[in-house]
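Novice: On the provided structure of chain A, position chain B as indicated by the hints.
As they're listed, the protein sequences go chains A and B. Just so you know, we're using the working numbering here: the first sequence kicks off at 1 and counts up by one. Just so you know, we're using the working numbering here: the second sequence kicks off at 1001 and counts up by one.
The hints are simulated quantities; they were obtained by calculation from the structure and are not laboratory data. Nothing here was measured: the structure is a model prediction, and the numbers come from that model. Glycine included, each C-beta is placed from N, C-alpha and C at the ideal position. Hints should not be assumed to be uniformly reliable.
[Said to hold, decoys possible] If the Cβ cut is set under 10 Å, some of the chain B residues that face chain A in the computed set are:
no., residue
1, ILE1082
2, ARG1086
3, SER1090
4, ARG1213
2 protein chains.
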Amino acid sequence: MKQFKPIGIFDSGVGGTSIWQEIQQLLPQESTIYLADSKNAPYGNKSAQEIIRLSKKNTEKLLEMGCKIIVVACNTATTNAISILRKTYSVPFIGIEPAIKPAALKTKTKNIGVLATKGTLSSNLFSKTAEFFSNGIKSIEVVGEGLVPLIEEGRLNDLKTKKLLKQYLSPMMKANIDYLVLGCSHYPYLIPVIKKIVGNHVTIIDSGEAVARQTKAVLKSLNLATTPSIVAKHLFYSNGNTVILKELLKDYKEKIDIEKLDF
Amino acid sequence: MKQFKPIGIFDSGVGGTSIWQEIQQLLPQESTIYLADSKNAPYGNKSAQEIIRLSKKNTEKLLEMGCKIIVVACNTATTNAISILRKTYSVPFIGIEPAIKPAALKTKTKNIGVLATKGTLSSNLFSKTAEFFSNGIKSIEVVGEGLVPLIEEGRLNDLKTKKLLKQYLSPMMKANIDYLVLGCSHYPYLIPVIKKIVGNHVTIIDSGEAVARQTKAVLKSLNLATTPSIVAKHLFYSNGNTVILKELLKDYKEKIDIEKLDF
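With the rest of the complex left out, here is chain A (with noise of 0.2 Å):
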């Protein structure tokens, strides 16, 4: 039998199943093992220390669980602890960034909309990359205060979430944007909501299939890549409330796993 070599991917809570979901799509013969640290949900306005022991926390379980390699599947989690995560264990690591480049080459009115936590906008690497890449771009960067817990407890077409989410995207509108772009993955959940309220006009713009390119190709480069042949295994873990996870994974639920678990 061959050895069971998932991929490793943690979240601050549920909002990293967008990605995991993506990547499932993708690479449909690997197992994944996803660590939902909703214990700790959210991390957006944790301290950077805060973050990078949390994040070492997850990698550390997903290393011993036998991960092959690390999804950072939080935006917050990317932008404080990342290097540190790549720097201390010699798996590679996959992060998520909002997708700004993307977003600043196609915009005809000259606006985006980022919308993250404080701990994603606030960050060196968000600074750095919007800088590097939104030359004579604008964008409107407001912080999602308030929903990642909306998400975590289920709570997607509440009128509390409309009411934020109408609150926060206001100014946007108001820049006349064309694109939104999703800075945490969390969000995508609230996809609807959003295209209610922004309309058609615009595009909104997550991470999520880049996430999951990225992890093919350092995989194939690494020779990690599972066989066809290998039926998947997909084991979802939870140091809080698994009703939420198994609701917004219940068209998944024939093929995977949800446990409870202290970590």
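Specialist: Quick look at chain B alone, frame taken from chain A:
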């Protein structure tokens, strides 16, 4: 002083410099070493065994020179040798494959053309990719017999080159293609001539940018990227005539070194 840790690139000759240009543009801070195995060009008609032997020779030379990652900037070497290279050496390898997928996703006429070498079109890796992605799409594949030697001789605008291209592209034009995939890293140098033959309604796709993006993702994931403060060096070694190499790279002459080397 920091260690010199370049990106290694090899090709059966000068064609892979089209890939080098994309890498250099996306990763300007990275040093590179390029091996042009012009003495053994073209690879396209050689046996798989011979292509593997040459690819190993090139790889070992680049590793001796301290390269941290190897880009196989030759479609024929990728399809025939990259899986063995990945099993044999511990550095990451990036390969180049014909960009069938983007063409298959975008075609409106449902017909795409693929111009590549015999070695690429007849390989297992190619048939798998083509079958997988071209579901419902017809792909007209033609071997570009004789084109690589003409490019190696710098005869980009030659009457013979034009005549061969007309002959190879004719069945594609009859099949009403709207996308033409260049499946050999030499061929981007023929784009001006090809454009005159196929006209404006055919979009030409090569894989250079995708290779550069993959290289970037892999370097990042393994913490192998060079910090932007370092001035990049670019060394080109050819075991054949360096005249054409110098001609193709004349726009870069201020920042590159081209030398003859027996390898």
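Novice: Run the structure past the numbered hints and jot down the numbers of the failing ones, going up.
Specialist: The structure conflicts with no hint, since it agrees with every one listed earlier.
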